[in-house]
Amino acid sequence: MTLRDKAAIVGVGSTPYYKRGRSLPQTPFEMAGKAMLAALDDAGLAVGDVDGLALYSFGLGGDTSLFAQVMGIPEVRFTAMLTGGGGGAAGSVGLGAAAIASGMATCVVSLMSLQQAASRFGASYAPKGKPGAQYSAPPSPEGNFIQPAGLMGPGQMFAVLAQRHMHLYGTKREHFAEVAISTRENARRRQTSIMRDELTLDGYFDARMVAEPLCLFDFCLECDGAVAVVTTTAERAKDLRHPPAFVRASANGGNGRWGQAITWMGMPDEEFASSGHRPVAKRLWDMAGTGPGDVDVALLYDHFSPMVILQLEDYGFCGIGEGGEFVADGNIRWPSGSLPVNTHGGNLSEAYIIGMTHVKEGVEQVRGTAVNQVEGAKVALVTGGPASIPVSSLLLSSEPA
Amino acid sequence: MTASGDTLAKLPPAELINLTPDVFTKPFWDAAVEHRLVIPRCTSCGTFRLPPCAFCWSCQAQDVEWIEHDGSGAVYSFTVIHHPLLPELADSVPYVPAVVELPDTNGCRLVGAVTEVKLGDVRVGMDVDLVWRDVREGETVPTFRPSGT
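Chains A and B, in that order, are what the protein sequence lines are. Per the working numbering, residue 1 is the first one in the first sequence, and the count goes up by one each step. Per the working numbering, residue 1 is the first one in the second sequence, and the count goes up by one each step.
Simulated from the structure, these hints should not be mistaken for lab results. It cannot be assumed that every hint is accurate.
Said to hold, decoys possible - Below, in silico cross-link-like pairs of lysine-lysine (BS3-like), each with a Cα-Cα straight-line distance of 27 Å or less:
hint, chain 1, residue 1, chain 2, residue 2
1, A, Lys282, A, Lys6
2, A, Lys172, B, Lys10
3, B, Lys118, A, Lys172
Based on the sequences and whatever the hints tell you, model everything.
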C-alpha cells in the first residue's frame with residue numbers, strides 16, 4: 001500500500017510577499033493564520049473542517065497547541081513536523097497525505113510562515129547571532145569543524161558544492177546565469193513577484209561576487225510571508241471548488257551519509273556534487289509508477305541557482321554532469337522548453353518562503369490556472385531542499401493514475 | 001568590487017572563532033593546541049572519521065585510537081568569500097574556505113581557510129599543507145597554504 005492518489009491538495013493561500021522585515025508589525029504566527037484562512041477559503045472549506053497539521057522547519061512561527069487554540073480548530077487528530085529545515089517543504093504535504101491515507105486525519109494544513117526581521121537565514125551559521133535570533137545556529141561540536149574556516153551561511157556552503165560540480169563536469173557560470181535569467185523572466189509576468197526588472201546576461205556578470213562561484217543573482221531573495229495548502233481525501237476533493245491536485249507520490253529523506261551535508265562536507269565522493277535528492281527521486285518515481293518523462297512542469301527548490309541544475313540531474317531529466325548543458329539548450333524556459341522550471345519565479349525572483357511557493361505553483365499548474373501556465377500540464381514535480389536530511393519531493397497530478 | 005586574481009587571500013577574524021568541544025572532539029582540539037593533527041580511527045574496523053563522534057559510521061563501534069597525520073592533502077573544493085556576511089568581517093574579505101581531503105584516511109576531509117595564496121591560484125586538486133592558527137590561549141584551528149611555500 002502507498003499513499004498514491006489517496007489525497008489531494010484542494011486549497012492554496014498566502015499573504016502578500018514582503019522584502020525582509022517589511023511584514024512588520026504582523027507576527028509570523030499571525031501570517032500563518034492568514035495564509036491558512038486564505039487556503040481554506042480557496043478550497044471552499046472552513047477552520048471547522050481542519051483536523052491535522054503537517055509541517056516542516058517550525059513553519060507555524062509557534063507551536064501547534066497555541067495555533068489550534070487561537071484559530072479555533074475544533075479537534076486536532078494529527079500533528080507532526082518533518083525534521084530538518086527547508087528540505088521538508090514538499091515533503092510536508094506528503095506527510096499530510098500519509099496521515100490522510102492511513103485514516104488518522106481527513107483535512108490537513110501544511111504551511112510556512114517566515115519573517116526575517118530579527119535574523120537572517122543567510123547568516124544561519126554565523127557565530128554570534130543577535131540575542132533571540134530565530135535562525136542563528138549556536139556553536140556546536142560539529143560546527144567547530146566548519147565555522148573557523150569562515151563558512152557561516154548556506155550560500156557560501158553550497159558554493160563549495162557548485163565549485164566541485166564545475167570541476168568535475170565543466171559546468172559554467174553561464175549555466176547558473178541561465179537558471180537565474182529564465183526564472184526572472186517568469187517572475188516578471190507576475191504581480192506577486194518581488195523582482196520584476198529584466199535580468200540580462202551582462203547584468204548577471206556585472207553583479208557583485210558573493211561567494212565564488214556564486215554572485216548576487218545566484219542567491220535567493222530574503223523575504224517575509226506565509227503560504228498554506230490544504231490537503232484532504234481524494235474522495236472529498238472531487239466535490240470542492242477547484243479541480244483536485246492529486247498527490248501521486250511523495251518521498252523524503254536521503255542517504256545517511258549525506259547527513260548534515262553542507263555543514264559537515266563529508267558526504268561520499270560520488271554524492272558530493274549532487275543535490276542529495278537521488279535516493280528520494282528513486283522512491284518518488286517508484287511510488288508514482290512513472291518517471292521524469294511524464295513531468296510537464298518542475299518546481300525545483302532554488303535557494304541557489306546551481307542547485308536547480310543538480311536537481312535536474314538527480315531527478316533524471318538529464319544525465320549526471322549534463323545539467324549545465326541541459327539548461328543552456330533552453331530546456332527549462334517557459335513556455336518553449338521541454339521542461340519549464342519554476343514558472344512562478346521561484347525563490348530566486350518571486351519570493352523565498354522556504355519552498356512553499358513551489359507547492360502553490362504546482363497546484364495552480366495542474367489546475368490549469370497558473371499565471372505562466374504550461375499548456376495542458378497534468379503532472380507537476382515539486383521539491384524541497386537541497387539541504388541536510390531530509391530533502392523531499394511531491395508529484396502532483398490533475399487526475400489519478 | 002570584486003577582488004582580482006592577484007589579491008592575496010585573507011583570513012576570517014579570530015574574534016569570530018568560538019570552539020565548543022564535547023567529549024568526542026576534545027582530543028582533536030587539545031592536540032591542535034600542540035600543533036598536532038590527530039584523527040580518530042575505529043579500533044574495531046579501522047575506519048577513520050571526521051569530525052570525531054560517538055560511533056563508527058561503518059561498524060557502529062565506539063572505541064578509537066588517535067592517529068597522527070601531517071595534515072598535507074589536496075583541495076577537494078573551495079569558495080572565495082568576497083561579501084562580508086557580518087559587519088565584523090568587512091576587513092577580512094576576501095578569504096578562501098576550502099575542503100581538504102587527507103590521504104590515507106579513507107577520504108576524511110578537513111575544512112580550513114587557505115592562506116598565503118593569490119585568489120587566482122586556488123584550484124581544486126591543489127596540494128596544500130596544514131598551518132595551525134592560534135586564535136587565542138587554548139584555541140587553535142587548522143588553515144592551509146599551498147604545498148612547498
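Status of each hint after checking the structure:
Distance hint between Lys282/A and Lys6/A is fulfilled; the C-alpha atoms sit about 20 Å from each other, no more than 27 Å. For the proposed pair Lys172/A and Lys10/B, the alpha carbon gap of about 26 Å is at most 27 Å, so the pair holds. The hinted pair formed by Lys118/B and Lys172/A meets the criterion: a straight-line CA distance of about 22 Å does not exceed 27 Å.
In the structure shown, no violation is registered for any of the earlier numbered hints.
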